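Colleague: Chain by chain, the residues:
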Amino acid sequence: KQDAKDTTAAVTEGTTAAGEEKATEEKAENSGETTVKADKPYKLALITMDSLDQHWVTLNEGAQAEAKLVGVEVKFMSPDTKDDSKQIECVNNAVAGGVDGIMIAANGPDAISASLKEAQAQGIKIVYVDSPANVDAEASFATNNKQGGKTAGEEMKKALEAQGITKGNIGVISTNASTQSTVDRDNGFREAFEGSDFTIEETQYCDGDAAKAQTIAENYITKGVVGIFGGNEGSTVGIGNAIKASGDNKIVGVGFDKSDNIKSLIQDGYLLCTMAQNPDVMGKMGVDALVESLNGKDLKGETVDTGVSVLNKDNLK
Amino acid sequence: MGNSLVQMKNIAKSFSGTKVLKGVNLELGHGEILALLGENGAGKSTLMKILSGIYSKDSGEIYLDGELCHFQNPKEAQNKGVAIIHQEMNLCNDLSVSENIFLGREVMEGLSLNHKKMDEEAQKILDDLGISMKSTELAGDLKVSEQQMVEIAKALSQNAKVLIMDEPTSALSRKEIEDLFRVIRKLRDEGRGIIYISHRLDELRAIADKVSILRDGENVISGDLKDFSIDDIIRHMVGREIQDKFPRILCEKGKEILRVENLNAGPKVRDISFSLYEGEILGIAGLMGAGRTEMTRALFGVDEKTSGKIYLFGEEVKTNTPKDSIELGMALIPEDRRKDGLCTDLSIRENISLPNLDSMKNSLGVLSKELELKISEDTIKSLNVKAKDREMISKNLSGGNQQKVVLGKWLVRNPKVILFDEPTRGIDIGAKVEIYQIMNELKKKGVGVLFISSEMEEVLGMSDRILIFCDGRITGELSREEANQENILKFATRYEEKV
Amino acid sequence: MKNKVKEILRIRGMRGAITAFVGLVIIYVVFGCINDKVFSLQNNLNLLRSMAKYLLIGIGQSFVMITGNIDLSIGSVVGMSAMVTASLMTRGVPIMVALLVSLLIGLIIGYVNGELVGKFQMPPFIATLGTMFVARGIAYLVNGNRNTDNIASILGKDQGKLFQDAFYYGKILGIYTTFWIAFLIFLIFSFILGKTKLGRHIYAVGSNKEASRLSGVDIVSVIKKTYLISAFCSVIVGYILCAQAGMGNMEAGNMYEMYGVAAGVIGGVSPLGGSGLLLGTFQGALLWQTLENGLNMVGAQVGIQRIVIGVIVVLAVLMDVLVRNGNLFSKKNKQ
Amino acid sequence: MKNKVKEILRIRGMRGAITAFVGLVIIYVVFGCINDKVFSLQNNLNLLRSMAKYLLIGIGQSFVMITGNIDLSIGSVVGMSAMVTASLMTRGVPIMVALLVSLLIGLIIGYVNGELVGKFQMPPFIATLGTMFVARGIAYLVNGNRNTDNIASILGKDQGKLFQDAFYYGKILGIYTTFWIAFLIFLIFSFILGKTKLGRHIYAVGSNKEASRLSGVDIVSVIKKTYLISAFCSVIVGYILCAQAGMGNMEAGNMYEMYGVAAGVIGGVSPLGGSGLLLGTFQGALLWQTLENGLNMVGAQVGIQRIVIGVIVVLAVLMDVLVRNGNLFSKKNKQ
Ligand SMILES: Nc1ncnc2c1ncn2[C@@H]1O[C@H](COP(=O)(O)OP(=O)(O)OP(=O)(O)O)[C@@H](O)[C@H]1O
Ligand SMILES: Nc1ncnc2c1ncn2[C@@H]1O[C@H](COP(=O)(O)OP(=O)(O)OP(=O)(O)O)[C@@H](O)[C@H]1O
Ligand SMILES: [Mg+2]
Ligand SMILES: [Mg+2]
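Sequence lines, in order, name chains A, B, C and D.
For the first sequence, my numbering begins at 21 and goes up steadily by one.
For the second sequence, my numbering begins at 91 and goes up steadily by one.
For the third sequence, my numbering begins at 92 and goes up steadily by one.
For the fourth sequence, my numbering begins at 92 and goes up steadily by one.
Next comes chain A alone, as it looks inside the complex (with noise of 0.2 Å):
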């Protein structure tokens, strides 16, 4: 419940528009309510990317609990690693398993939208939660991760340059180089230094360890960078500690998404800010709009961009 004020505060602080509709949306959660009723005990399938980053088991809680309200079921079906091949094949098997609805986040927006076709074929709705596919869907609440990468970039310059700093290398962690959400974040990052006369590092990759995520910042922080981008939860807190490690508390960290682990390193100045996401609200919001599409409401495909909010030692107080 912690976390939910955190995050209601920080939105507070958002620059979108989505923000504030967020808000309301999560009050409406905080106090154990909800607009949406389902007609039919529907079946429902959410499929994230993997099943074991902290932001989908997140979302999943998310869709768990308001499935319960709703009078709902949401199996979740997601593939083990973050694998095209995987993922369609979750799909096929939500449809065998006679789902009426799939929430989905793409792992790859054009691999998977054969196989989406293929269910709303069958009758199946699609509503897509973080990372939407190629396919018309219901509804999409989804984090424009390529703003949120640039977003992320503008707050290390900013500081950068309130330390009169203008120039220099910067390192950039992420995941892996197939993931298409943590691959929009590192360009959207690029862009924003475009024109400066920072140099962007070539990106290294730690496959979600934090461990590895820390080795390779300690090589950038010998190399002399001064300031390195983590373009997922666990390349941010291997950022943050590799930081704490240096003792050189003026490299500028920024990452993406929040934990327990990111926000202690915020708190205590090892990282300046991390790009938030609210994967609990997108599975609520994803289950809504699923049950109000199968209720027979007309959603017209409205996508939300659900936005991503600063996280900063400010904020976090």
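To be clear, the hints were calculated from the coordinates, so they are not data collected in a lab.
A quick note: this is a predicted structure, and the numbers were derived from the prediction, not measured.
Each statement offered as a hint is correct.
With a Cα cut of at most 25 Å, we get these calculated BS3-like pairs of lysine-lysine:
1) B:K408 with C:K210
2) A:K270 with A:K243
3) B:K451 with C:K316
Fit chains B, C and D with the ligands to the supplied structure of chain A, relying on the hints for placement.
Modeller: Frame of chain A; chains B, C and D with the ligands shown alone:
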């Protein structure tokens, strides 16, 4: 009875349903050397493995100095003073000689190993045996005969009450055998008991006191050796009379088939030249390490040659790989059948087929099951291979039958030249004669037979002409008439003068 | 009749195939009882389609394992094949050419594996660990460290659909093409292994290299051929993944070499060489896929999934080992 | 003098250790020339600290490899250890208890590996593939499919710092504790391998199982002990990763078993068993880390990194194989 060292009573053992030992008895006294004899597959090794704790018996009792023993593993038997030298070589090639000798019984100094003490003690045992070898050498770098001596040294070092030797001499030279016998007699005089298994019946008189004969997993007869003649022993072993131990036949020597000129391959094969004729058995004698095996390997294309020419029917040929040689009509029966001769996990049928697959294809180029079955069944029948059926895994065959399978796979090809490298090693007398007869058949058909053997009697008995090797060179050639043991030994020890 | 059965049971590797089949049926039924949609036609069609890739890599890995070696590069070659194929297609190269080029590059990795293991006698675990890294590196580099775009975006919808249908989305006789492709390859390679000289030589080399060589078998060439076969199967799986996603993913095929080992070994292929049947590999692949599919259908947590998979891998082989050593029911032959 | 050198060269595995050392120096210098920060004190300190984990898993894997087996469960045990340790700490369990429980669970996996491979004679590749899945599953389950929170958040800053300093952030004599821990374990296990009965038996089992058994060596117990040692080393690495991140990461240790193989094999440990020295493993681990570190420092693309790593793994062993077979300079022993 009370003073027997070892008493085995009514020992029975089956392997996957087949009864291998059917209630065997064995008795060994203090200070006695017992020769345990029998055909291949009679169950000698199995019985000894039970005595040394490697196999568990199905039923029966073992008494050691009158005490009933149930060995669960080799270690327990060792602790009770039973040591065994195995028929197959069992050394760790990556360990040194002394490490092998003391394996499982390491000498410690506090927490750590006492390398120095072990090396020294091992060296002492080796010196006692009259072996010139450093105890720090790697076992894998040794020659087979030397490895065999290490096995012996290892067993001796255990200071055992009962010492089992399963064909210890099959890879040893005369000199080494004499050294070994000297040591065995010394042990006997100390009051230890020795069980000695061998197919070399000629050496028995020199070493054994008692004899016990097995056939098909049952006792045939036991007693003092002096009460038996060698012919008696053979009769008891095979259950029938063997008239002619070396059934040589005479054939007209035909034209030259194979000519080797100045073959060189490493230090063991130096400037070898000879010819082999149709219908001839060309014996090759020499001491262990004379380089005979290496010569056949180089000739057959197993090992690389450094120089030399090979002519087949007067035409120069290249034998760079075994495949080349086989296609030219040659065949090699290698010295070590388990390692080089057979795919031991495959069935008899598949082993026989292996070099003959080309002739088992049907018109579509697909392997024909009928052809394969026919060929393998015919071979099994004609060579009298004793096996449950053609699908039996060749690992489970006894030595003599394995050798027949190796022979069989080559005979199917009707080769023009066959190189036999120690074809009768570790094979019982009955099977030996069968192999001699096969050699005779080949000879009659005009095949050229090269016959390497370390058993002098058999080379003398079977060959039409004998080449003698020493130190990688041919040091002499003897016709059948000239050849005798002294002559051969003279050439076999003609080492080059050291400069 | 009884003899006939006995005869069949004595075929090397047949027992393993049968054990796998029994296990498969049990697993299938258990999952079906938890979720009856497991028995639905659609799910069975999916199952056959999904198992096809495990069957293919299982075939490749089985060939290599029967010679007593291993191929760790399989998964990377799958990824490389998917990336090369998709990269070429998104650059406008005609489908057939893209497929051929991809096959060629895959076979080069297979050839290198064969050289290293066969000719230079490197331990296969290390040699193919090396090529595993190299092939994955190529998968990254081929499109500049990025997944490719959708192949249809350049090839055009028709061409794209043609390719995707051919390898994944199309059906023949009501069953997905993917399965038919794998099944055809299965038949061909079963024939090669069981009925040809090469097949026999593969068993012989796995049983005893030296004895095979002395019997005139060109062991280097046999080993090379098994690695080429393995690479070939991996490339086909790469096509399938590429068709499935309509694009190339750099991480495609991750860990597939292990699934190949699992399929083979569950199906009774001896990782020590000399024994095994592709029929067993078929059962093994199907069992593995049924397991994955079932766990997904019942919505098992990933932690549970891993444990179940691990336990089944161990049990499959343990049963076999115990039965072979005869100490499943008796206490004999300890140590 | 010359004899002394010869004597040393004859020690089992010494040649491999020397080759690895030469390779190490070359790689270090090459990277240093590209980026001179490679030679900086801080980088060298980091290098020693980072290599410590590869050294530890290399030691474990080497013990297993010298008996001719393999342990694929290493990486998962690392992850499991990190997760168990961190989960307990974040539940307020005292540090020592958390460490002990984690060690115990790790050793259970090692014990199971030993039973399966030693007693039941399962192929080690399969047995440990199974436990690899199981241990990873436990890592997922132990904190309910989530990475743990920061350990300091429950233990308190002081306690947290104590633990983190002990295993990662602290220094003794100017060098990080991580290195000292690994170095101490390296010394102890080098002694065990070189100077004790167990060590001798490990070589013997790897060289010839049957001969060892017949000599009264309890091969089952020897094999079990190597797997316990491997699990022990993996658990320590788990502590290190947990201390480093200050939390438990479910994916920690992924692929470490392969790095362990690489460290051992590059350092001259024979994957076929019977030969190898931990001194070589030390060089191998340092080489591997230098490579990773250097590729990182020069900012190589991930694709290039993989290819370089793959090529070096192959070259390291190929050199060794060629030198041993004597056909690096001559053309002998073809086929
Ligand atoms: N492990 C085993 N599994 C199955 N059968 C076996 C096994 N060991 C031996 N046999 C069989 O038991 C019988 C006796 O074998 P054993 O080795 O005791 O004979 P042997 O008298 O020592 O013969 P040889 O003189 O050839 O050494 C043979 O028929 C052999 O095939
Ligand atoms: N390169 C090799 N590979 C495998 N085995 C070898 C090799 N070189 C020698 N050997 C084996 O070493 C043993 C020792 O052979 P050795 O050098 O004593 O010559 P030999 O004249 O053949 O003696 P004999 O035939 O009486 O054993 C032989 O069994 C031979 O097969
Ligand atoms: Mg015997
Ligand atoms: Mg010889």
